[in-house]
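Just so you know, the protein sequences line up as chains A and B, in that order. For the record, in the first sequence the residue sitting at position 56 is 56 according to my numbering, with numbers rising by one throughout. For the record, in the second sequence the residue sitting at position 153 is 1153 according to my numbering, with numbers rising by one throughout.
Quick caveat, the hints were computed from the structure, so don't treat them as lab data. Ideal Cβ positions, reconstructed from N, Cα and C, are used throughout, including at glycine. A portion of the hints provided could be inaccurate.
Claimed, not checked - Pair ranges (Cβ atoms, derived): (1) B:V1087 <-> A:E36: 41 to 49 Å; (2) B:E1094 <-> A:G131: 49 to 57 Å; (3) A:D274 <-> B:Q1177: 52 to 60 Å; (4) B:T1052 <-> A:S206: 37 to 45 Å; (5) B:E1033 <-> A:T52: 22 to 30 Å; (6) A:A176 <-> B:I1003: 34 to 42 Å; (7) A:A149 <-> B:D1175: 43 to 51 Å; (8) B:H1005 <-> A:G202: 55 to 63 Å; (9) A:E91 <-> B:M1129: 15 to 23 Å; (10) A:G131 <-> B:G1032: 26 to 34 Å; (11) A:S200 <-> B:I1003: 18 to 26 Å; (12) B:G1228 <-> A:D274: 51 to 59 Å; (13) B:D1274 <-> A:P34: 17 to 25 Å; (14) B:I1028 <-> A:M129: 42 to 50 Å.
2 protein chains.
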Amino acid sequence: MAISHDLDGVLIAPNPQAPGLTRAVTGIDAQGEPVETSVVEERPLTIFLNGTEIVTAMTIGDYPAYLALGFLLNQRMLSPDETIKGVDYDEELETVVVRTDGTTRHEEKLKKKTRTSGCAVGTVFGDMMEGLDEVQLPQTTLKLSDLYALSARINRMPSLYLEAGAIHGTVLCKDAQPLVYMEDVGRHNAVDKIAGWMLSEGATASDKMLYTTGRLTSEMVIKTALMGIPILASRSGFTAWGVEIARQVGLTLIGRLRGERFVCLSGEQRLIRDVAPRDRKEDPRQIRKGAQ
Amino acid sequence: MAISHDLDGVLIAPNPQAPGLTRAVTGIDAQGEPVETSVVEERPLTIFLNGTEIVTAMTIGDYPAYLALGFLLNQRMLSPDETIKGVDYDEELETVVVRTDGTTRHEEKLKKKTRTSGCAVGTVFGDMMEGLDEVQLPQTTLKLSDLYALSARINRMPSLYLEAGAIHGTVLCKDAQPLVYMEDVGRHNAVDKIAGWMLSEGATASDKMLYTTGRLTSEMVIKTALMGIPILASRSGFTAWGVEIARQVGLTLIGRLRGERFVCLSGEQRLIRDVAPRDRKEDPRQIRKGAQ
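This is chain A alone, in the form it adopts within the complex (with noise of 0.2 Å):
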């Protein structure tokens, strides 16, 4: 599969190149001999919200204030309304400081939130789970040759994967368009900076859809949902609870997207069928296969 350069459209894109993302290591491979390869950088970075420091996240370290932004509204502790003021990141320190206008209710969710963080899958559902009874996502619909050619497109892109791999991204699409191509080490951190961008630009969620790397778990679907994004496609699995929340607040739920092969557990009719359908049937095993 050869990488493609054509960037048309792309808003951002990752940039494998950029100093400080990958770093060359030494290492032996399996004949013993010394190969130089190239491996994803993995910094921590401390977010705060006004005075109060939130949490430390595990980052490459790229768009360090669309990752706190996104965080913070992903995790409900700041309302899309919320005025900000500014977004100050400090290299030196590892931090960004998210400042609002006057103290929000963030104290307050905070104290609930130290009751239930710390998650060994890195969720607060308290908060997150509240937010899903006002979503209400619009009837957007996807033609599947807009899906296939986005996923061979997206496939294609230079990446910090096809370089160094150990990463997710998460790619934010309008129709056959991918607009911006997030990466990093946690898959939540690509949803977490796309929903910064989004918030930063003013950008409108119902006429899009989002293409995951990673896992389609309950908490894959429930950002996708809060941000207000109707479809949500992966080339990796689905969870039992992802599928059953995707059904909840009706999100278009695509996985193990392969090729021109998918499962779709939830949404359907949001599917438009404007090319002719293959023959062969899916090999249940194959598609299992690539679901990690």
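Following the hints, complete the assembly by docking chain B onto the known chain A.
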């Protein structure tokens, strides 16, 4: 690749047929035809240490006692010499309570933890990093023949991954023998369940190795080192900080392990090349592509 049901010498193996671990859901495939597929369960489990609520983890739900013990141990909220009075799991309340003899330092720890937790990749670094100074890893050796046999056998064992995908696995091994194979929706839960099993069984760590399907991040390396296991191998890729910490503590770190190919970025002195190296050179791109 045929599934092999040879479980000779395996103490705990995945049980894909166990009720409650996967769910059959119906959706549609790319042809628009209905498909019934199997997806992994994901449910919250709230861990208490004596009277204190510590964390709510998202887990597949098997071995809650091992998960709770291992999580507390790996977060260093529980020291290995602590006397455990009991571990009470309540399936209905989705809680597990670890009771120790007298109060531990956990309240003080907790104060620290709540300042740093909620990390987007589920990490509490404060306490974990501290423990690394005390780590002394033995010069246990690993034959390449054993490594290849292990990886082939693990990949052929019946597992939730082969059944439903979207799940990570961690296997405690000795030489060519897989001993305990845990899977979970959070890759950290899988290694925590192994830590909990080792504590409960009083298993030695010095002669073992860990195999994980997940990426070799700082947290995976730290947990393995804190568990006293000198070798960590994965089919996935590395992060720079994971490599850095492995070199600091002298842990053998093997990644991108596919068939008889791998990259070793730390502690290569433990490897014994008892198999003739193959002629063909590595194909780095192909290795990378397996890295996620």
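Evaluation of the provided hints:
1. B:V1087 <-> A:E36: 41 to 49 Å: 47 Å, holds
2. B:E1094 <-> A:G131: 49 to 57 Å: 21 Å, violated
3. A:D274 <-> B:Q1177: 52 to 60 Å: At roughly 53 Å between Cβ atoms, B:Q1177 and A:D274 fall inside 52 to 60 Å, so the hint holds.
4. B:T1052 <-> A:S206: 37 to 45 Å: 43 Å, holds
5. B:E1033 <-> A:T52: 22 to 30 Å: 52 Å, violated
6. A:A176 <-> B:I1003: 34 to 42 Å: 39 Å, holds
7. A:A149 <-> B:D1175: 43 to 51 Å: 49 Å, holds
8. B:H1005 <-> A:G202: 55 to 63 Å: 57 Å, holds
9. A:E91 <-> B:M1129: 15 to 23 Å: 21 Å, holds
10. A:G131 <-> B:G1032: 26 to 34 Å: 33 Å, holds
11. A:S200 <-> B:I1003: 18 to 26 Å: At 49 Å between Cβs, range violated.
12. B:G1228 <-> A:D274: 51 to 59 Å: 58 Å, holds
13. B:D1274 <-> A:P34: 17 to 25 Å: Given about 20 Å between the Cβ atoms, the range holds.
14. B:I1028 <-> A:M129: 42 to 50 Å: 28 Å, violated
Consistency note: the structure conflicts with the earlier hints numbered 2, 5, 11 and 14.
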